[in-house]
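**Student:** With the hints as extra help, turn the sequences into a complete structure.
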Amino acid sequence: MAASRSLGQFYPVASPLHELDARAKILATTALAVALFLVDSVAGFLVVAAAIVLLVAASRVPPGAFFRLLRPVALIVALTVVFQVFFSRGGSTLFEWGFLEIHSGGLRMGIFLALRILLLVSAAGLLTTTTAPVALADGIEDLLSPLEKLRFPAHEVAMMMAIALRFIPTLQEEAQKITKAQAARGADLSEGGLLKRVRATLPVLIPLTIGAFRRADELAEAMESRGYRGGEGRTRYRELRFRARDAVALAVAALVLVGGILL
Amino acid sequence: MRIELENVRHVYAPGTPFEIEALRGVSLAVEPEEVLGIVGGTGSGKSTLVQHLNLLLAPTSGRVLVDGVDARTLAKNELRRRVGLVFQFPEAALFAPTVEEDVAFAPRQQGLGEDEVQERVRETLGLLGAGHLAERSPFALSGGEKRRVAVAGVLAMAPEVLVLDEPTAGLDPAAREDLLGVVRSLREGGTSVVMVSHDLDEVAEVADRVCVLEAGVVRATGTPEEVFYARPAEAPTTVRVVSLLRGSYPGLGRPVRLGETLAALKGLLEV
Chain A
1 MAASRSLGQF
11 YPVASPLHEL
21 DARAKILATT
31 ALAVALFLVD
41 SVAGFLVVAA
51 AIVLLVAASR
61 VPPGAFFRLL
71 RPVALIVALT
81 VVFQVFFSRG
91 GSTLFEWGFL
101 EIHSGGLRMG
111 IFLALRILLL
121 VSAAGLLTTT
131 TAPVALADGI
141 EDLLSPLEKL
151 RFPAHEVAMM
161 MAIALRFIPT
171 LQEEAQKITK
181 AQAARGADLS
191 EGGLLKRVRA
201 TLPVLIPLTI
211 GAFRRADELA
221 EAMESRGYRG
231 GEGRTRYREL
241 RFRARDAVAL
251 AVAALVLVGG
261 ILL
Chain B
1 MRIELENVRH
11 VYAPGTPFEI
21 EALRGVSLAV
31 EPEEVLGIVG
41 GTGSGKSTLV
51 QHLNLLLAPT
61 SGRVLVDGVD
71 ARTLAKNELR
81 RRVGLVFQFP
91 EAALFAPTVE
101 EDVAFAPRQQ
111 GLGEDEVQER
121 VRETLGLLGA
131 GHLAERSPFA
141 LSGGEKRRVA
151 VAGVLAMAPE
161 VLVLDEPTAG
171 LDPAAREDLL
181 GVVRSLREGG
191 TSVVMVSHDL
201 DEVAEVADRV
211 CVLEAGVVRA
221 TGTPEEVFYA
231 RPAEAPTTVR
241 VVSLLRGSYP
251 GLGRPVRLGE
261 TLAALKGLLE
271 V
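If you read the protein sequences in the order shown, they are chains A and B. Residue numbering for the first sequence is 1 to 263, as defined by our numbering. Residue numbering for the second sequence is 1 to 271, as defined by our numbering.
Just so you know, the hints here were simulated from the structure itself, not pulled from any lab data. Built from N, CA and C at the ideal position, the CB exists for glycine as well. Take these hints with a grain of salt, some might be off.
Stated by the list, open to error - List time: in silico BS3-like cross-link candidates among lysine-lysine, alpha-carbon distance up to 25 Å:
hint	chain 1	residue 1	chain 2	residue 2
1	A	K196	B	K266
2	A	K180	A	K196
3	A	K180	B	K266
Said to hold, decoys possible - Just a few of them, taken from the derived set where beta-carbon distance is under 8 Å, the chain A residues facing chain B:
hint	residue
4	V13
5	A43
6	K177
7	A181
8	Q182
9	R185
10	L202
11	P203
12	I206
13	I210
14	G211
Unchecked claim - For each label pair, taking beta carbons as the anchor points, the in silico distance ranges come out as:
hint	chain 1	residue 1	chain 2	residue 2	range
15	B	N77	A	V82	35 to 43 Å
16	A	P63	B	M1	42 to 50 Å
17	A	V198	B	L262	34 to 42 Å
18	B	A233	A	P169	35 to 43 Å
19	B	E6	A	P153	57 to 65 Å
20	A	P12	B	N77	36 to 44 Å
21	A	G64	B	E214	29 to 37 Å
22	A	Y237	B	E6	47 to 55 Å
23	B	R231	A	R226	53 to 61 Å
24	A	G227	B	E19	32 to 40 Å
25	B	G170	A	E239	36 to 44 Å
26	A	V198	B	A263	32 to 40 Å
27	B	K266	A	P169	51 to 59 Å
**Tutor:** Okay, here's the thing in structure tokens:
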């Protein structure tokens, strides 16, 4: 029973974003990741942020659940902002106290960096919440397949990613079960100092690791017994189809990003 | 100790597309010194139900009473010691380098002295017929041996109520018989046992009372005779055989256990 849901996990509802071809979404997200480092103005960030907010609304994923994604990165963002603000110079001095100085340039850089991280995580979250893991893996395989000419194992990489994605919820469930079983034996993961807590996770981590290896063995055997021989000549049950609306979506994404960079 | 569930509802993942109402208002009591069998198909809510007995899961609504006191007001650790819960496939949670240490985990968490811990380990492994495995690695044991060690790991807390979720799933017939023997001897020693199973034949052998769960609702509770003879189509083999013969031989009574049933049938042959 999946009682808890992980951040960024596929959220199966019907929405225009869910309908799009995985490749279009992957390309758009990749483009955004690159473009974010070129955006360098308040107006530019506003354009990109507005686009992402609109997309979240269009995805029909509850915004509350979606933006919880950002909580774990909040600490990283806060730290980078502090470092940028205090340790980069440039522009006029806004504040001075002992060795601490805040410059307008540093402040600007700090805020922009925070926005970059937040927007990037949001976009990646948008991709994974609206794309089924299988479609995502198929999309990646397809996009990487030209590299096969250079002997890059596109199918194998995609298969590994697909399996890894597939087993995240399984391992989570397993971890939950083992945690409960140990809790029933009096294990307490929420008390004591850091060292004590780390030690307290061992009764969960050890069986979880052993179970993961066992599962890996079983999965390999199951795949072989069903005739898996790698990607050559393999067909798919669900074919990816790149339709007109995918092209339009990509074009719009490109326009927004170029707009964000130029502004 | 007596545990009572009062109109317990449990909803998984409320407010998401994954929402499932696993228990829809269950009222049920576990009486002192009884073996309560909980039966029902897959997805009927059996496993969800038993996790409420020691509050590993909290009811979405409704209450769990322990000797008349709301269980939420009790210390969780103490409650979990008094109500020992053995999950389905409990061997998946074995972790220590030796069997001895794995079984010692729970009593150590309880803060018992080392002498007492060792005593408990010896005692419970002995009760489960696993004393000879003490020095071995739990990962190198057979399936049946692992199961015994995992059950010992919970029994070592000396619980007043032992809850077993599908304890015999995947065991061979001999190992299953051994485990049912353990259930019987625990009951004789004054420990209540709650046994979840979908094997009606084994429930018939050990249960004092039976509770039938279906789609998160209690369909029936009572003695095995009452429950099984009310619905002979979903009853142990013994009950099905006797039900078919009872039309012609009303003197058969309502035997449930294999021994009783054989005695009743023998009576029939000797007339």
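**Student:** Determine for every hint whether it applies to the structure shown.
**Tutor:** Consistency of the hints with the structure:
1. Distance check on the hinted pair: A/K196 and B/K266 sit about 63 Å apart at the alpha-carbon level, beyond 25 Å; violated.
2. A distance of roughly 18 Å separates the Cα atoms of A/K180 and A/K196; the hinted pair therefore holds under the 25 Å criterion.
3. For a cut-off of 25 Å, the pair hint linking A/K180 to B/K266 is broken: about 48 Å separates their Cα positions.
4. Hint status for A/V13: holds, given a least beta-carbon distance of 6 Å to chain B, under 8 Å.
5. Hint status for A/A43: violated, given a least beta-carbon distance of 37 Å to chain B, over 8 Å.
6. At a threshold of 8 Å, the smallest CB-CB gap from A/K177 to chain B is about 7 Å, leaving the interface hint in force.
7. With a cut of 8 Å, the hint placing A/A181 at the interface with chain B holds, because the nearest CB-to-CB distance is about 4 Å.
8. Among the interface hints, the one on A/Q182 holds; its C-beta lies about 6 Å from the nearest C-beta in chain B, closer than the 8 Å criterion.
9. For A/R185, the shortest C-beta to C-beta distance to chain B is roughly 4 Å, which falls under 8 Å, so the interface hint holds.
10. The interface hint given for A/L202 holds, since its Cβ lies 7 Å from the closest Cβ of chain B, which is under the 8 Å cut-off.
11. The interface hint given for A/P203 holds, since its Cβ lies 5 Å from the closest Cβ of chain B, which is under the 8 Å cut-off.
12. At about 4 Å, the closest approach between the beta carbon of A/I206 and any beta carbon in chain B falls short of 8 Å, and the interface hint on this residue holds.
13. Taking 8 Å as the C-beta cut-off, the interface hint given for A/I210 holds, the closest approach to chain B being about 7 Å.
14. About 6 Å separates the beta-carbon of A/G211 from the nearest beta-carbon of chain B, less than 8 Å, and the hint is met.
15. Checked against the hint of 35 to 43 Å, the pair B/N77 and A/V82 passes, with Cβ atoms roughly 40 Å apart.
16. Under the hint 42 to 50 Å, the C-beta atoms of A/P63 and B/M1, about 47 Å apart, fit the expected range.
17. The supplied range of 34 to 42 Å is broken by A/V198 and B/L262, whose beta-carbon atoms lie about 57 Å from each other.
18. Checked against the given bound of 35 to 43 Å, the beta carbons of B/A233 and A/P169, roughly 38 Å apart, stay inside it.
19. A C-beta distance of roughly 59 Å is found between B/E6 and A/P153, which places it inside the suggested range of 57 to 65 Å.
20. For the pair A/P12 and B/N77, the beta carbons lie near 39 Å from each other, so the given range of 36 to 44 Å is met.
21. Range check, A/G64 to B/E214: Cβ separation about 35 Å, and the 29 to 37 Å hint holds.
22. Checking the proposed 47 to 55 Å range against A/Y237 and B/E6 shows it holds: the Cβ atoms sit about 48 Å from each other.
23. For B/R231 and A/R226, the Cβ-Cβ distance of about 41 Å falls outside the hinted range of 53 to 61 Å, so the restraint is violated.
24. Checked against the hint of 32 to 40 Å, the pair A/G227 and B/E19 passes, with Cβ atoms roughly 38 Å apart.
25. Separated by about 40 Å at the C-beta atoms, B/G170 and A/E239 satisfy the suggested range of 36 to 44 Å.
26. The given range of 32 to 40 Å is broken by A/V198 and B/A263, whose C-beta atoms sit roughly 60 Å from each other.
27. Checked against the hint of 51 to 59 Å, the pair B/K266 and A/P169 passes, with Cβ atoms roughly 55 Å apart.
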